[in-house]
Every structure is written in C-alpha cells, then in structure tokens.
Amino acid sequence: MALTEPLAVNITDMGFRYPDNADMSFSKLNLKIAKGDRFGLFGPNGAGKTTLMNLMTGVLPVDEGNITLLGHENGKQKNAVNKLFGFVPQDFSFYQELSPVENLEFFGAWSGLNKLQTKQRTDELLQILGLDDVRDKQVKKFSGGMKRRVNLAIGVIHQPAILFLDEPTVGVDVQTRHAIIEYLRVLNDNGTTLIYTSHQLSEAEGLCEDVAMIDAGRIIARGNIDNLLAEHKQESLEALFINLTGKELRD
Amino acid sequence: MYKLWATIKKDTRILLRDRVGIALMFVMPIILVVVVTSIQNSTFQLVGKNRLPILISNKDTGQSSAQMIKAIGNIGMFRVLEMPKNQNNMADAMHNADAMLGIVIPADFSAKVSAKSKSVADKAMTSFGLAGDSTKKPAGDVDPLTLYYNPVLQESLRLSVKGALQSSLQMVESRETLRTLYFSINEKQLPEKLENDMLNNRAPINEMPVSKDGVHITPNSTQHNVPAWTIFAMFFVIMSLGGSVVREKVSGSYIRLKTLPTSYHVALISKQVVHLVVTMFQAAVIFSMGIWLFPYMGLPALNPPSDLCALVLTTLICGWCAVSYSICVGVFSDTQEQSNGFGAVSIVILACIGGLMVPSFAMQGAFKSAASISPMHWCLQAYYTLFLEGGKLKDILNNLIPLFIITLIIQFVTYLGLKRKNLI
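For the protein sequence lines, the chains are A and B, in the order given. Count the first sequence with the numbering used here and you get residues 49 to 299, in order. Count the second sequence with the numbering used here and you get residues -12 to 411, in order.
These aren't lab readings, by the way, just hints derived from the structure by calculation. Model, not experiment: these values are computed from the prediction. Hints should not be assumed to be uniformly reliable.
Cut-off 20 angstroms, straight-line C-alpha distance, at most; resulting in silico cross-link-like pairs (EDC-like, lysine to aspartate or glutamate) [stated by the list, open to error]:
| hint | chain 1 | residue 1 | chain 2 | residue 2 |
| --- | --- | --- | --- | --- |
| 1 | B | 408 | A | 237 |
| 2 | B | 245 | A | 111 |
| 3 | A | 188 | B | 5 |
| 4 | A | 80 | A | 230 |
| 5 | B | 245 | A | 121 |
| 6 | A | 80 | A | 111 |
| 7 | B | 245 | B | 235 |
| 8 | B | 406 | A | 257 |
| 9 | A | 195 | A | 215 |
| 10 | A | 188 | A | 139 |
| 11 | B | 406 | A | 68 |
| 12 | A | 167 | A | 139 |
| 13 | B | 46 | B | 5 |
| 14 | A | 195 | A | 139 |
| 15 | B | -4 | A | 145 |
| 16 | B | 105 | B | 95 |
| 17 | B | 245 | A | 257 |
| 18 | A | 80 | A | 258 |
| 19 | B | 236 | A | 139 |
| 20 | A | 185 | A | 145 |
| 21 | A | 188 | B | 95 |
| 22 | B | -4 | A | 184 |
| 23 | B | 408 | A | 68 |
| 24 | B | 46 | B | 130 |
| 25 | A | 281 | A | 258 |
| 26 | B | 99 | B | 160 |
| 27 | B | 236 | A | 145 |
| 28 | A | 185 | B | 5 |
| 29 | B | 103 | B | 130 |
| 30 | B | 408 | B | 235 |
| 31 | A | 189 | B | 5 |
| 32 | A | 195 | B | 235 |
| 33 | A | 167 | A | 184 |
| 34 | A | 167 | A | 180 |
| 35 | A | 80 | A | 263 |
| 36 | A | 189 | B | 235 |
| 37 | B | 408 | A | 111 |
| 38 | A | 189 | A | 145 |
The following block holds chain A by itself, in its conformation from the complex (with noise of 0.2 angstroms):
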C-alpha cells in the first residue's frame, strides 16, 4: 500500500515506559501503516506486540512523541478517534452473563450507534458470524470458537475504519479460523484497515500484505511480505521469524 495522507496509523518518536517493568519500553518508535492495508505484527512472547497495540488503541498513554489514527491524534481527541477504530482483545473482553444480542446491544450504544443502528447491525453480524441460532443464549455456556466469534462481532459494529486485532484467531479450530479470516478479508474489501497480531504465522502470510516484526521493543524489520522473504533469502514468515529474533526460548 502506498503511504498517503492520511495514514491509517501514523506513530512518531514515539516512548513509552512501564512504571514497574524497566524491561519492557519503547524508545522513538516510528511506524507508518498506510490506510486500507492488512499489517501483521509479530515477535516473540514479551517483544510488546500487545503493548504496541494497547499504546496505538489509547488503552496506555504514551510517554513521548505521538501516534495518530487517520490524522487525529490519540489521547488528546479521545471520542473523536475512539470512533474511527474498533479493538478486539486476545482476552474475551465482553459479558459472559449475557447473550450475543445483550452484549452487541450493550457494546453497539457505547460505540456511538442508536437503538435502530444497534439493532440492524447485531442481526447482520449474528448472521454472518453464525452465531443467529444461538443469539439470546448467554455466552458462558458458549465453545472457546463462538466466545472469539461474539468478541469479534463486539469490535466490528460500529463498522470501523480501522480494526485493532490482538491474536484474534487463538485457541479456536480450523473451522472457526477460516471463518474469521474469511471475514477479515471482507472487511479490508470493504475498505477497513486491519492491524493484527498472531502467533499464527501461516495463517498471517495468507492474510497480510505489510508486516512489522518487533522485540524488545523495537522493529527489526518492516515492509512489504514478498519484499522482505527475498531481502532476507528465506521461504516462509516463520523461517523468517527464526532468522530474524533465533531459537532461544522466550518467557
């Protein structure tokens, strides 16, 4: 994707320290992901993928420097800039007490749509999610695959332009993955900018077209997929991956 103006995501200089990890901190940080584009964001156990992504959603405040979302910046146009995006969590971020349609009802009025807008959007994401059989049961009772599948149709309602994924795809079966990608692909047709992490890395070189890989805080390699294979002679994203951060084993 060509970078034009507005960036989907711009990050500047930006720093950003934990009060109580030392270890984990980002140092003048600069990211550009061009809008409409599929960016994957990978690195090992701890290299601050979630911490990155908390940062660039306004979950974290940054220390230093800026990030903007479609040339708004973060933190300081909150509601405006919260509308533009939507996160869904590796956690299963929503009510399990609850049904699919309560939660959407729910998590549809605190992303800024009205009672009708709520209500057309949760029937369109029931349905395509298949989850329309199972809508007013609480999803407690519900399989790991259709817990990813609420926390999804939660994060997509108010049809964002920009869609924040924390290893949206873990823990379910092939079944369910396919599903969710399959979806993620119509999104981006549609116009929304994916932003995504996973450990899956196969699953990601399917889906994504740029990539950044971070550890310890920094970005080791960004760019094009097929760009960065041939720059670095290797054949797959996970040799790649090995190449780039080794084979040591990471907490």
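Place chain B on chain A using the hints.
For chain B alone, coordinates are given in the frame of chain A:
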C-alpha cells in the same frame, strides 16, 4: 441517554443473573434481622416472660432469708430456683439447672439480721432519749451473701442484678429494724398494714421515652434492630457490586470500554443507579417484614416513622454511600477474593464502630471519635431519631450532612483510584 439506558439494562441483567449475589444481598440480611431481633427481644422481655433463672442455696432456717427469697421473686426479673438439698457445689448445680446466677444465703443470716436490727433499734432509742440499752455491744456485720454468676453474663446486666439484690436485702433489713423499733416503743407487734405502708411509701418512677413529636413510641427490639440491621444489609451490596467491578477489570471489559467513544462515567452512574435501587428495595423489604410479618413471628411490629419523606431521604443517602463504598473497594481490589474479604470484614468493622453492635454512647472516648468516620453511625443516628424519637427531617439534618460528605469523599477516592490505575 441511550448509552446510559443500555448500560443500566446491562447492569440489571447481570445483577439478576447473579443468584448468589442476590441471596447475599437479600436472604442473608433478612435472616440476620430476624435472628438478632428475636434474640434481643428475649433481653427486652427479661422483666416479663423470659426471667433470668437464679439458683438459691438457703443455709439459713430463719424468717429473714425466706423474706429475702420472696423479695427476689417479687423483683420480676428472676425465676427463683431452689438448690437441691443433695448438691453442695454451686457451680455444678447452676450448670445442671441451666441457671446464669446463684446465691448462697449463709446459715446464720436471719439471726445476724435480727441482731443487727436490735442493735440499730437500741441506738435509735437512746438517740430519742427513750430507754435503750446503750451498754450492749454493737452487733457484728451480717455475713455477706455470695452471688455466683456465669462469666458470659455481661457486666451491665450483672450490675443491674446486683442492684436488684441489694434493694431486696435492704427491704429485709429495714423491715426487721422497723419491727424491732416499733416493739421497743410500743411493746406490741407492728401492724401489717402499717408495716406495708411504711415500707412501700416510695415515690413511683414514671418511665417516659424522649420524643420529638410528642408521640411516645415504646422502644422494643424491633424498633432498635430493624433500622440498624437494614443499614448493615445495604452495605452487604458490596458482596455483589465490589465483585462485579473486579470481574469487569479482570475480564478485560474495562480495556474494551476504554477504547470506545463513551466516558466511563456512564458506567459508574449506571452501576450506582442500579445498585441504589437494590438498596432501596432491600430497605423496603426489611421494613415491610418488620411492619407486617414480625407480629406473626411473635415479635413486636415495627412502627414506621411519621415523616416518611425523611425516611426515604435517609435510606437514599445511606444506600448511595453503601454503593459508593462498594465501587471504591472494587476499584482498589485486584481480585474478587480481595474485594469480598476486605469488603465483608470492613463493613463489620464499620458496623462495630458505627454503633450497630454496641451503642455509641457506651463506647470509650477514642471509639466515640472513631464512630464519626463510620457512615453507618450517621445513618443509624438518623434512623433512631426517626424510629425511636419521632423526629422529622429538620431533626436529622445534622446526621445526613456528615453522611453526605463521607459519600462525596468516597466518590473522590474512587475517582483517584480509577485515575491511578489508568482505568479512566
């Protein structure tokens, strides 16, 4: 407004599906109110139905000891039991008779009371200038009665028992002295009617509960306990609400909410509205039980205060304080165990220092000062003014204002906690 309405619906649904939480908020306090009121009702009926059993070992054979036993029975506080002749050990006998108190009357009690009376009468005759035998040696003191008591008996009750016994003893000694004196002067027996007139001519004491509206409500266990334990019940909301706040944090819902274009204040307002309704409902259920159900359970009925607006306002502020405290504990706790453990223990402590378990006026100086930091104290004082003294809104403003200020402080601390933990 739609956001707030959707949030209130969400919180209500979660609350209604938390059956354990509902049981803790309603069933447990109701059981507590019924049990405590029933137990305290027995204490209120000490002079009446439930007299304290007292075991008497009378080693004396004279009249004074018999009169003494009769006087103890007439106090109205004791059920007199005679110690079986075959038992010598008072502790065993009290245990067998299930008696909390025991008295041993010494063998020469009547003789010594009589001798002392004669001695006093002689002194009096000499003092009147009549023929008294002033050369007589003064009689020795009457051997003490020994009062045995079960150590579980509270000191305040023990002191009342001692006072009642001393009054009986004084009656016996006065009667004996009077008879002796009368006989010395008139050389005939004191007529029974005159004796009764002389001994029972004390001015009566009328008991009158203090009232602000002129209507006298006789205090009883229901009137004392229902308001007090309703406050406790309202603070029990912490078991559900504190845990719910922690669950939301732990499940990651907070993080998602933070990324949405809505202020977290909407969530806080919704939680407060929903749980405030719960506390109002708790109070309504417990007060209704006191008014309509307690009489069927053999307990005194609750008399509602005349100023119902003041009652609603007090309940509303107390409920708001309980809800604010629960959210505050939830915000500062990292796990549900922390929230439930700290929450439960802290409300018991607040209830203790607030005067729910021991009246504030009976506390020592430092604890009296500590009571003022417990929101339960201010709420209890307001309820007592309404339920026991027939007070109106103007009479409880000095209680409601501190309660309101404490609630605002708790809200501010919660806000700081949310900021510090990067939750808003």
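Verification of the supplied hints:
Distance restraint check for residue 408 of chain B and residue 237 of chain A: the Cα-Cα separation of roughly 39 angstroms exceeds the 20 angstroms cut-off, and the hinted pair is therefore not satisfied. With a C-alpha separation of about 18 angstroms, the suggested pair residue 245 of chain B and residue 111 of chain A falls inside the 20 angstroms cut-off, and the hint holds. With a C-alpha separation of about 13 angstroms, the suggested pairing of residue 188 of chain A with residue 5 of chain B holds against the 20 angstroms cut-off. Restraint check for residue 80 of chain A and residue 230 of chain A: not satisfied, since their Cα atoms lie roughly 25 angstroms apart, outside the 20 angstroms limit.
Taking the CA atoms of residue 245 of chain B and residue 121 of chain A, the gap is about 16 angstroms. The hint holds against a cut of 20 angstroms. Of the supplied pair hints, the one linking residue 80 of chain A and residue 111 of chain A holds, its CA atoms being roughly 19 angstroms apart against a limit of 20 angstroms. Proximity of residue 245 of chain B to residue 235 of chain B is assessed by CA-CA distance (about 12 angstroms); at most 20 angstroms being required, the pair is judged to hold. About 39 angstroms separates the Cα atoms of residue 406 of chain B and residue 257 of chain A, which puts this hinted pair outside 20 angstroms; it is violated.
A distance of roughly 13 angstroms separates the Cα atoms of residue 195 of chain A and residue 215 of chain A; the hinted pair therefore holds under the 20 angstroms criterion. The suggested pairing of residue 188 of chain A with residue 139 of chain A holds, with an alpha-carbon distance near 14 angstroms, which does not exceed 20 angstroms. Restraint check for residue 406 of chain B and residue 68 of chain A: the C-alpha separation of about 17 angstroms stays at or below 20 angstroms, so the hint holds. Between residue 167 of chain A and residue 139 of chain A, the direct Cα distance comes to roughly 25 angstroms. Violation of the 20 angstroms bound is thereby established for this hinted pair.
Between the alpha carbons of residue 46 of chain B and residue 5 of chain B the distance comes to roughly 65 angstroms, so the proposed pair goes past 20 angstroms and is violated. For the hint pairing residue 195 of chain A with residue 139 of chain A, the CA-to-CA distance comes to about 10 angstroms; that is within 20 angstroms, so the pair holds. A threshold of 20 angstroms between alpha carbons decides the hint, and for residue -4 of chain B with residue 145 of chain A the separation of about 13 angstroms falls inside it, so the pair holds. Taken as a hint, the residue 105 of chain B and residue 95 of chain B pair is honoured in the structure, with Cα atoms around 15 angstroms apart against an allowance of 20 angstroms.
Our distance criterion of 20 angstroms between C-alpha atoms is broken by residue 245 of chain B and residue 257 of chain A, whose separation comes to about 29 angstroms. At most 20 angstroms may separate the alpha-carbon atoms for a hinted pair to count; residue 80 of chain A and residue 258 of chain A meet this at roughly 11 angstroms. A threshold of 20 angstroms between alpha carbons decides the hint, and for residue 236 of chain B with residue 139 of chain A the separation of about 11 angstroms falls inside it, so the pair holds. Between the alpha carbons of residue 185 of chain A and residue 145 of chain A the distance comes to roughly 9 angstroms, so the proposed pair stays at or under 20 angstroms and holds.
For a cut-off of 20 angstroms, the pair hint linking residue 188 of chain A to residue 95 of chain B is broken: about 81 angstroms separates their Cα positions. For the hint pairing residue -4 of chain B with residue 184 of chain A, the CA-to-CA distance comes to about 15 angstroms; that is within 20 angstroms, so the pair holds. Of the supplied pair hints, the one linking residue 408 of chain B and residue 68 of chain A holds, its CA atoms being roughly 13 angstroms apart against a limit of 20 angstroms. Restraint check: the Cα-Cα separation between residue 46 of chain B and residue 130 of chain B comes to about 12 angstroms, which is no more than 20 angstroms; the hinted pair holds.
A distance of roughly 17 angstroms separates the Cα atoms of residue 281 of chain A and residue 258 of chain A; the hinted pair therefore holds under the 20 angstroms criterion. The hinted pair formed by residue 99 of chain B and residue 160 of chain B meets the criterion: a straight-line CA distance of about 10 angstroms does not exceed 20 angstroms. For the hint linking residue 236 of chain B to residue 145 of chain A, the alpha-carbon distance of about 15 angstroms falls within 20 angstroms, and the restraint holds. At roughly 16 angstroms between alpha-carbon atoms, residue 185 of chain A and residue 5 of chain B fall within 20 angstroms of each other, so this suggested pair holds.
Distance restraint check for residue 103 of chain B and residue 130 of chain B: the Cα-Cα separation of roughly 11 angstroms lies within the 20 angstroms cut-off, and the hinted pair is therefore satisfied. With a C-alpha separation of about 14 angstroms, the suggested pairing of residue 408 of chain B with residue 235 of chain B holds against the 20 angstroms cut-off. Restraint check for residue 189 of chain A and residue 5 of chain B: the C-alpha separation of about 15 angstroms stays at or below 20 angstroms, so the hint holds. The hinted pair formed by residue 195 of chain A and residue 235 of chain B meets the criterion: a straight-line CA distance of about 16 angstroms does not exceed 20 angstroms.
A threshold of 20 angstroms between alpha carbons decides the hint, and for residue 167 of chain A with residue 184 of chain A the separation of about 14 angstroms falls inside it, so the pair holds. At most 20 angstroms may separate the alpha-carbon atoms for a hinted pair to count; residue 167 of chain A and residue 180 of chain A meet this at roughly 13 angstroms. This hinted pair checks out: residue 80 of chain A and residue 263 of chain A have alpha carbons roughly 18 angstroms apart, not beyond 20 angstroms. Note on residue 189 of chain A and residue 235 of chain B: the hinted pairing holds, with a Cα-Cα distance of about 18 angstroms set against a maximum of 20 angstroms.
A threshold of 20 angstroms between alpha carbons decides the hint, and for residue 408 of chain B with residue 111 of chain A the separation of about 16 angstroms falls inside it, so the pair holds. For the given pair, residue 189 of chain A sits about 9 angstroms from residue 145 of chain A by alpha-carbon distance, which is consistent with the 20 angstroms threshold.
Checked against the numbered hints given earlier, the structure breaks hints 1, 4, 8, 12, 13, 17 and 21 and satisfies all the rest.
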